[in-house]
Amino acid sequence: MKLNELTITQAREGLQQKKFSSVELTKACLDRIKQVDGKINAFVTVTEEEALEHAKHADKLLNNITIEQYNNYPLLGIPIGLKDMYMTKGIRTTAASKVLENYIPQYDATVVTKLKNAGAIIIGKTNCDAWAHGSSGENSDFGPTKNPWNIEYVPGGSSSGSAAAIAADMCIASTGTDTGGSIRLPANFCNVVGLKPTYGRVSRYGIIAMASSLDSIGHFTKTVEDCALILNITAGNDSCDATTPKKNKPDYTESLKKSVNGLKIGIPKEYFEIGLDKEIKEKTLKAAQILESLGAKTVEASLPHTEYALACYYIIVPSEISSNLARYDGIRYGMERTNFGDEAKRRIMLGTYTLSAGYYDAYYKKAMQIRTLLKQDFDRAFEKVDVIISPVSPTPPWKLGEKVNDPLKMYLSDIYTITINLVGIPGLCVPIGFTKNELPLGMQILGPHFSEETLFQIGNAFEEVTKNEGWRKKKPVL
Amino acid sequence: MQNYKYQPVIGLEVHVELKTKSKMFCRCSAEHFGQEPNTHTCPVCLGLPGALPVPNKTAIEWCVMIGLALSCEIPLFSKFDRKNYFYPDLAKGYQISQYDQPFAINGKVVIARNEATKQSLKKEIATTPSVSRNDAKVIRIRRVHMEEDTAKLMHQFGTQNSNIKTQNEEKYSLIDFNRSGVPLVEIVTEPDFSSADEVTEYLKKLQQIVRYLDVSNADMEKGDMRLEPNISLKKVSLRGMVSEVEPDRAISRDRHANARDDNKELPKYKVEVKNINSFRFVDKAIRFELKRQAELLDKRETPAQETRGWDEKKGATVSQRSKEEAHDYRYFPEPDIPPVRWTESQISNLKSQMCELPDTKFNRFQKEYKLNEYDAEILTREQELADYFEEAVKVGKEHNITSKSIANTIINRKINTEQVLPAELIKNIIQISQTFQINPDELEKIVEQVLSENQKAVDDYKKGETQIMGFLIGRIKQHFPSSDTNQIKKALETSILNT
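Protein sequence lines correspond, in order, to chains A and B.
Counted the way the numbering used here counts, the first sequence spans residues 1 to 478.
Counted the way the numbering used here counts, the second sequence spans residues 1001 to 1499.
So here's chain A without its partners, still in its complex pose (with noise of 0.2 Å):
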């Protein structure tokens, strides 16, 4: 096996037991990169010299630390990549947005401080569609990313660089954003783990806004238990983020191996319903009845509320996308508002009306008091299921250009995503196999908030069970 395409978890093993460098691990990712990034352009910019040096000084420290010290270092030397989306202090941070072309931070994100003080080298910056506004990555003002198992295929988006780059092995994990689906999306488009946490759970601090009541903080990975590691390290209060609660922090690795013998699984009947492709629809029932043979119990629930949850999104989200974008006026950032792309600029106009006044009763308002319906919706099915298991895209992947002139249709695509940034529950999103076109497919695991634990619980199972499966042993061509 080539280093690029370890888990964390091989990769801490390899590097404790001297079997490799984190230098050798971060040359084997970033000669992937040079091979195969000229064909995904899963990267906007490659920090090929820091990781470097990084590298040799987590080879150091690998070398003169104890065990117990080793434990405090969850990523010491592990090459991982982050959406640039993420302040990186003294690395270029554009957005994936011309308006921030040159733009170079002053400072770190929170969760970039974490992952640093983890151990973590940072690779690169991942491509994605521009301030994460879109659901194909073809929204970069730096080029579409493409799915690594199709070239032809969009890699899902907005955080398109990051899942491709995990796809494809460049990188052991990456961070992104989820704002609609944005990490869910992808990561089911690619084959790969993604975390949408509970909003709150991870900082926002340092991530540039995009709508920031619904922007929640995750990352991509290899296996769930990898997925479960990273949050471990990203989780948690911040002061300087308001809106994390000082909540208990579990050990997420803890959870992963408990048996879901008992958990009672609700499978929404509205999410089953016209407009599912048939594949995904069989694959995702599958999925639910392999858990059932380990013990779970799947009953339907039901989401009523669901059919207005898109209009209520697509009013909520621009609001608040027309106010964060404020800032990129032009004046401190060198580059002019025209520098907007077509989305950045729809969502502003649609924003900017929506809150107008004589408007916002109509729109935002009401937005708001179906945003409450859906929280009730999920409450009321929580009170009688663990988890919930849907698809998370209506298709499977579509071909580049399907769909960039069709805005609409566009937007559909986030209609099982969408619901749950503006409930705010966490969303898991695990591989379940291939369409016959050979693309790849995934399903969501959701639960109440902050029941992290319970969905690594689930995903480690089924990712266990099927594990010896074809599908597993896939790699993309390239």
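Hint data in this document are derived by calculation from the structure and do not stem from the laboratory.
The beta carbon of each residue, even a glycine, is placed where N, CA and C say it ideally should be.
Take these hints with a grain of salt, some might be off.
To be verified - As a list, the in silico DSBU-like pairs of lysine-lysine whose alpha-carbon atoms are at most 35 Å apart:
#	chain 1	residue 1	chain 2	residue 2
1	B	1021	A	89
2	A	116	A	19
3	B	1235	B	1171
4	A	269	A	399
5	A	114	B	1057
6	A	257	A	286
7	B	1291	B	1079
8	B	1171	A	249
9	A	264	A	409
10	B	1268	A	366
11	A	247	B	1222
12	B	1291	A	375
13	A	384	A	399
14	A	246	B	1019
15	B	1462	A	384
16	A	257	A	345
17	A	98	B	1152
18	B	1171	A	89
19	A	475	A	18
20	B	1079	B	1274
21	B	1108	A	365
22	A	56	A	19
23	A	116	B	1057
24	B	1019	A	247
25	A	366	B	1079
26	A	246	B	1351
27	A	89	B	1019
28	B	1291	A	247
29	A	375	B	1152
30	B	1394	B	1361
31	B	1171	B	1204
To be verified - Pulled from the structure, derived: some chain B residues nowhere near chain A, Cβ distances all over 12 Å:
#	residue
32	1015
33	1020
34	1037
35	1092
36	1137
37	1186
38	1200
39	1279
40	1315
Fit chain B to the given chain A structure using the hints.
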């Protein structure tokens, strides 16, 4: 002959800068006056990408205290909102403020009806302590809310006065972000004032209250208080009929909620004068506006609904922005800050932490120390002086000195309370009271003796060198140690006059 008159309708918005150590939403020092520009900044107050606001608990508590001091209701649920507009001094493109659910609502401040009444009352009070302040007027407080200050713009015209060199003597502006994010409390009244004097009286009272609470220096020079009167005139019939008023129900005075219904009969325009930083200028601006508007109304024109500024050089208000150009601030709840939820006990706890307020102290001083209103008013004007007085009373009690005589001494002798400790003051009072009166006949004898011995001094005194009096008093005092200086002085003056 006119059968109507104009009645001023004036409301006031006051911004008070709090003196918290740190800013409203970050940990930067809130000290900005006279500091090196852009030294108290961070990603949050610079509005850098990704930065988030975390509210300052002390500032919020102080805002609530101001609300309580103004007899406001404190809603148990409150939240911050974003006020969106573009301006170079606004780092984020929006200001974090409060829109429809401020920290405090529906309060009141009681003031003397107008300056004239107040003065005449005072005179009466000074002589006849029994007269009470019955001519009071209630100014309703609509709301008290919390927001952040903007950065400070410094406009440079040409390069002469600047160390920044530009080509071709261009005009440019500099931005100092030290002030960005400093906590501000905005206090909005109902349009209850009917004269500039009432506004001044209210402002003095407000300044006194925030100083008492010790939440702001309320230093006008440093821009700690910024004043925005809104002014209009209402036509009132002199024949006792209700009016020729032109009520306009469609116009709400403010997009701020909580505007009360009883303001229905308001003129159909209103002129706001923005950002005045002195009580004197507010007074001038209001007087100017009342005159300007009356002249327009006399010509049967309706003054334009607009925002104006006070130009001190011109001694006039000048138009800045018309109704058509009015901003739509697109308020919406600030998603980065969870709403604030109070419990009743938290509010009563804050209340209990508050010092005694000026009005209460004023009433207590009259009652407890048997002072007249005039004395009580002077002694309670500033907390420090009130504390000084009470300390002196405490010491005085041990020596049977009455609070009245302490008050008299402090007020009449203009005691420097920073230099004379209360105990010293009491010592002085005791000394003065222990001086004895000299037998007039004996005194007269000595005076004549001293005057004849110092003929030159007497001549000099007569020529106008009045300071020589001190020398003569000294001479006499040699004969009567610890005697009453005033008695000696009087005797000397009479004697010199008669020679």
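Consistency of the hints with the structure:
1. B:1021 to A:89: It holds: about 28 Å lies between the C-alpha atoms, which stays within 35 Å.
2. A:116 to A:19: holds (23 Å)
3. B:1235 to B:1171: violated (46 Å)
4. A:269 to A:399: holds (28 Å)
5. A:114 to B:1057: Roughly 26 Å separates the two Cα atoms, so the pair holds.
6. A:257 to A:286: holds (22 Å)
7. B:1291 to B:1079: This hinted pair is violated, its Cα atoms lying about 40 Å apart.
8. B:1171 to A:249: Violated, because 55 Å separates the two Cα atoms, which is more than 35 Å.
9. A:264 to A:409: holds (34 Å)
10. B:1268 to A:366: At roughly 32 Å apart (the allowed maximum being 35 Å), residue 366 of chain A and residue 1268 of chain B satisfy the hint.
11. A:247 to B:1222: violated (42 Å)
12. B:1291 to A:375: Status violated; Cα separation ~57 Å.
13. A:384 to A:399: Given that 35 Å is the threshold and the Cα spacing comes to 39 Å, the pair is violated.
14. A:246 to B:1019: holds (28 Å)
15. B:1462 to A:384: Distance of about 107 Å is beyond 35 Å: violated.
16. A:257 to A:345: Violated, because 47 Å separates the two Cα atoms, which is more than 35 Å.
17. A:98 to B:1152: holds (29 Å)
18. B:1171 to A:89: holds (34 Å)
19. A:475 to A:18: Between residue 475 of chain A and residue 18 of chain A the Cα gap is close to 27 Å, so the pair holds against 35 Å.
20. B:1079 to B:1274: holds (26 Å)
21. B:1108 to A:365: At roughly 32 Å apart (the allowed maximum being 35 Å), residue 365 of chain A and residue 1108 of chain B satisfy the hint.
22. A:56 to A:19: holds (15 Å)
23. A:116 to B:1057: holds (31 Å)
24. B:1019 to A:247: This hinted pair holds, its Cα atoms lying about 32 Å apart.
25. A:366 to B:1079: Roughly 18 Å separates the two Cα atoms, so the pair holds.
26. A:246 to B:1351: holds (28 Å)
27. A:89 to B:1019: holds (32 Å)
28. B:1291 to A:247: violated (62 Å)
29. A:375 to B:1152: violated (43 Å)
30. B:1394 to B:1361: The given pair, whose Cα atoms are some 16 Å apart, holds under the 35 Å limit.
31. B:1171 to B:1204: Not OK: residue 1171 of chain B and residue 1204 of chain B at ~39 Å, beyond 35 Å, violated.
32. 1015: holds (22 Å)
33. 1020: At about 17 Å from chain A, residue 1020 of chain B clears the 12 Å cut-off, so the statement holds.
34. 1037: About 16 Å separates residue 1037 of chain B from the closest Cβ of chain A, which puts it past 12 Å; holds.
35. 1092: Incorrect as stated: the minimum Cβ-Cβ distance to chain A is 5 Å, not above 12 Å.
36. 1137: At about 34 Å from chain A, residue 1137 of chain B clears the 12 Å cut-off, so the statement holds.
37. 1186: holds (20 Å)
38. 1200: Given that every Cβ of chain A is farther than 12 Å from that of residue 1200 of chain B, nearest at about 34 Å, it holds.
39. 1279: At roughly 34 Å from the nearest Cβ of chain A, residue 1279 of chain B sits farther out than 12 Å, so the non-interface label holds.
40. 1315: holds (35 Å)
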